[in-house]
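Chemist: What follows is each chain in one-letter form.
Protein chains: 2
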Amino acid sequence: MKTFLNCIPCLIRQALDVLRISTYDNSTREQVLKEVIEYLLEEDWTKTPAELSTRVYGIIKKRTKQIDPYKKLKEKSNKLAAKLYPQLKLMVSKSRNPLFTATKIAAAGNAIDFGPQGIKINILKNVREVLESDFAINDFEKLERSLLEIKNILYLADNAGETFFDKVLIEELVKNGKNVTYVVKGSPIINDATLIDVAIAKIDKVAEIITTGTDCCGIVFNECSNKFKRKFETSELIISKGQGNYESLSDMENRNIYFLLKIKCSTLAEEIGVEEGAIILKKG
Amino acid sequence: MKTFLNCIPCLIRQALDVLRISTYDNSTREQVLKEVIEYLLEEDWTKTPAELSTRVYGIIKKRTKQIDPYKKLKEKSNKLAAKLYPQLKLMVSKSRNPLFTATKIAAAGNAIDFGPQGIKINILKNVREVLESDFAINDFEKLERSLLEIKNILYLADNAGETFFDKVLIEELVKNGKNVTYVVKGSPIINDATLIDVAIAKIDKVAEIITTGTDCCGIVFNECSNKFKRKFETSELIISKGQGNYESLSDMENRNIYFLLKIKCSTLAEEIGVEEGAIILKKG
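These protein sequence lines map, in sequence, to chains A and B.
Per the numbering used here, the first sequence starts with residue 7, numbered consecutively.
Per the numbering used here, the second sequence starts with residue 7, numbered consecutively.
Worth flagging that the hints you see were computed from the coordinates, not collected in a lab.
Any given hint could turn out to be false.
It does not matter which identical chain is meant; a pair holds if it fits inside one copy or across any two.
Said to hold, decoys possible - Listed below are the simulated BS3-like cross-link pairs for lysine-lysine, each with C-alpha atoms no more than 27 Å apart in a straight line: (1) Lys68 <-> Lys157; (2) Lys289 <-> Lys237; (3) Lys82 <-> Lys95; (4) Lys40 <-> Lys67; (5) Lys40 <-> Lys53; (6) Lys289 <-> Lys184; (7) Lys40 <-> Lys68; (8) Lys8 <-> Lys40.
Produce the entire structure from the sequences given, and follow the hints as far as they go.
Modeler: Written out as structure tokens, the structure reads:
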């Protein structure tokens, strides 16, 4: 997905959100914000918003020396999600279509995010709302058919805490005889899942774990490790969680890719033709 | 009021809103947006947001050659407000405290705006909500006392359509023996009231009319006419409508000024210590 003009003020606003939790010094905030704006002015806006975000967060990390400003929020998300996990498992076991319910739960987990929608969100409320709503785009039947033909799934994670929701879906996929490789970020970026979050949710018990090898938003291929790129190139089926991954991969062709996410901004909602806040399972 | 860091992405987003209705050409939008961002980068952020807005809108006007992009929206606001006017008058005549009710109505009219809150708002819904709520800051008693001591009021208008709501308050002030000078913008800026809107609401029948002599957001003194500045300097009591005027004048000292507005952004709400969306009548 290309960067829309709307993304520019949004990226600056997100930069300010991160700056606010990265430093208490207002003159540093102002100085770094100006540097972010300068970068955006000089950047090529035909790149994806995820690529621009990656650089924006990179500038802030470098200048404030705060490697992981969302650490506490991620810990909170993990705690909350860990508590919910038994309930989610129960929902799946009681369901007539466990795989579909698990897919829905994985989408609901994507309500945990602190990027596009700012940091003041109520996770529990958001998750409940999503679980009660239908997919605005529902390619589940296509996914089911495709699953009959493949063995190996590459699962691109999004946020910390959401990992517990992903685990529910991964466990159903494993029950259906699939091998899952779960991809998290190589180092902290916003509240994206890293190896720490994998360990907390114990996903390594049910899936192979790799990282992107870097701290990109979404997937920025020229920053990723060769190991990840090889895995991606040879993947049979990809489940891509969240808006950052969607922004990065939505224009790719000839891929067996399923985007599973909550739509978190009006610009993407308009582009896809759904309401803001909708959940979608969309074949790429 | 100084410009907060939060104001910067908001100003860029507002610029995009105006660009979207000023030109259909996306490359012009991008080019002008970049020019706006360049200007903001070079500007002194200790100026007021109203000063920065004035320059931003100036750049857009100059580049797109669209002198009055909000013309249609203003016409719509005027039509809607004109229809409401008889109901508003009835509310005042039935009221136990007509001056207070009229003040409340004037505040409710400030719900008509297309700047900080974007252009997709439901005027009627907003106005009703405001009429049903209390002032979060209520200096009405101070205003009443001050009115006993003065004869002439300078009334700084904000938006088109809101003019009908202002007329309701002005008529009450006139009934109480006051002379009112109503100040509108010298030429179009966003949906701010100009002489056209005065004529539509027939405010010239109840008040003396002057303009700022320019198209500034709020009041930018070094752009205003000498006539306006003299009027302002010698005013006994000022009623200042809306956020733009508040941003411009809130730091002025030794003025008998009453700010009457709806708080349209979280940053100003936090600064003043009220909820976003609140209405206030605040002695300056």
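Chemist: A separate judgement is required for each hint: does it hold in the structure or not?
Modeler: Taking the hints in turn, this is what the structure says about them:
1. Lys68 <-> Lys157: Close neither inside one copy (41 Å) nor across copies (60 Å); limit 27 Å.
2. Lys289 <-> Lys237: Within one copy only: 20 Å inside, 65 Å across.
3. Lys82 <-> Lys95: Classified as within: same-chain Cα gap 20 Å, cross-chain 53 Å, threshold 27 Å.
4. Lys40 <-> Lys67: both (14 Å within a copy, 25 Å between copies)
5. Lys40 <-> Lys53: both (21 Å within a copy, 16 Å between copies)
6. Lys289 <-> Lys184: within (19 Å within a copy, 69 Å between copies)
7. Lys40 <-> Lys68: Classified as both; 14 Å inside a copy, 25 Å across copies.
8. Lys8 <-> Lys40: So lysine 8 and lysine 40 pass the 27 Å test inside a copy (23 Å) and across (17 Å) alike.
The structure is inconsistent with hint 1 alone, although it conforms to all the rest.
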